[in-house]
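S.K.: Residue numbers are given in this note's numbering: position 89 of the sequence shown equals residue 89, and the series is strictly consecutive.
One or more of the hints may lead you astray.
Taking lysine to aspartate or glutamate pairs in the DMTMM-like style, the calculated list, with each CA pair at most 25 Å apart, reads [claimed, not checked]: (1) K48 to E121; (2) K48 to E115; (3) K48 to D61; (4) K51 to E115; (5) K81 to E121; (6) K51 to E121; (7) K48 to D131.
So the derived label-pair ranges between C-beta atoms look like this [claimed, not checked]: (8) S103 to R135: 19 to 27 Å; (9) S103 to D82: 20 to 28 Å; (10) R133 to P39: 14 to 22 Å; (11) R28 to M126: 15 to 23 Å; (12) E115 to R28: 19 to 27 Å; (13) T104 to R77: 38 to 46 Å; (14) L44 to E79: 15 to 23 Å.
If you're looking for bench data, these hints aren't it; they were derived computationally from the structure. Since the model is a prediction, treat every value here as computed from it, not as a measurement. Where is the CB? At the ideal position from N, CA and C, for every residue including glycine.
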Amino acid sequence: MKEQPVTNYAEHPAVGQVIASFAALDPRDHAFSAGLIAPQGTWLRQGKILKGSAEARAALDDRPVNRATCHLVTNVRLELKDDDHVAGTYYLTAFQAITDSASTPPEPRLAAILECRDQLERAGDMWHITDKRSRRMMPPAIASAAR
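Start from the sequences, fold in the hints, and give me the full structure.
M.R.: This is the structure in structure tokens:
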């Protein structure tokens with residue numbers, strides 16, 4: 001089967017999985033977010049290859065508890081490899097806020113603008129991420145200097 005771009009993104013369930021992974025990450029539902037990684041899946045995160053959902057969960061659980069995040073997923077593009085395999089490319093804009101005390105409201109700041117590429121595979125009714133990678137599109141230093 002020749003790779004086909006998917007034009008009706010909103011209706012493809014793989015898009016929901018990509019967005020769900022970040023919707024779970026921000027409120028710190030690490031079990032759900034990591035559970036979307038396939039058992040043999042890989043995630044290139046912060047220069048390290050994580051293998052499977054257990055390594056992904058351990059890395060997410062290591063996130064500082066005083067760090068709040070907001071991940072915005074935009075410009076989603078899908079390529080249908082076959083009925084059970086999809087490649088998704090999207091931009092991810094991540095904001096973070098670090099709080100040092102309960103009385104000081106955290107100041108949100110741009111953490112990164114990334115281009116991400118996920119490979120997804122269907123297993124029954126679920127789509128799992130078999131490979132997750134990203135590259136920095138605009139480092140925060142450049143983004144803040146452009147103001």
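S.K.: Look at each hint and say if it fits the structure.
M.R.: Okay, the hints, checked on the actual structure:
no.	hint	result
1	K48 to E121	holds, 22 Å
2	K48 to E115	holds, 17 Å
3	K48 to D61	holds, 15 Å
4	K51 to E115	holds, 21 Å
5	K81 to E121	holds, 10 Å
6	K51 to E121	holds, 16 Å
7	K48 to D131	holds, 13 Å
8	S103 to R135: 19 to 27 Å	violated, 38 Å
9	S103 to D82: 20 to 28 Å	violated, 55 Å
10	R133 to P39: 14 to 22 Å	holds, 18 Å
11	R28 to M126: 15 to 23 Å	holds, 22 Å
12	E115 to R28: 19 to 27 Å	holds, 25 Å
13	T104 to R77: 38 to 46 Å	holds, 40 Å
14	L44 to E79: 15 to 23 Å	holds, 19 Å
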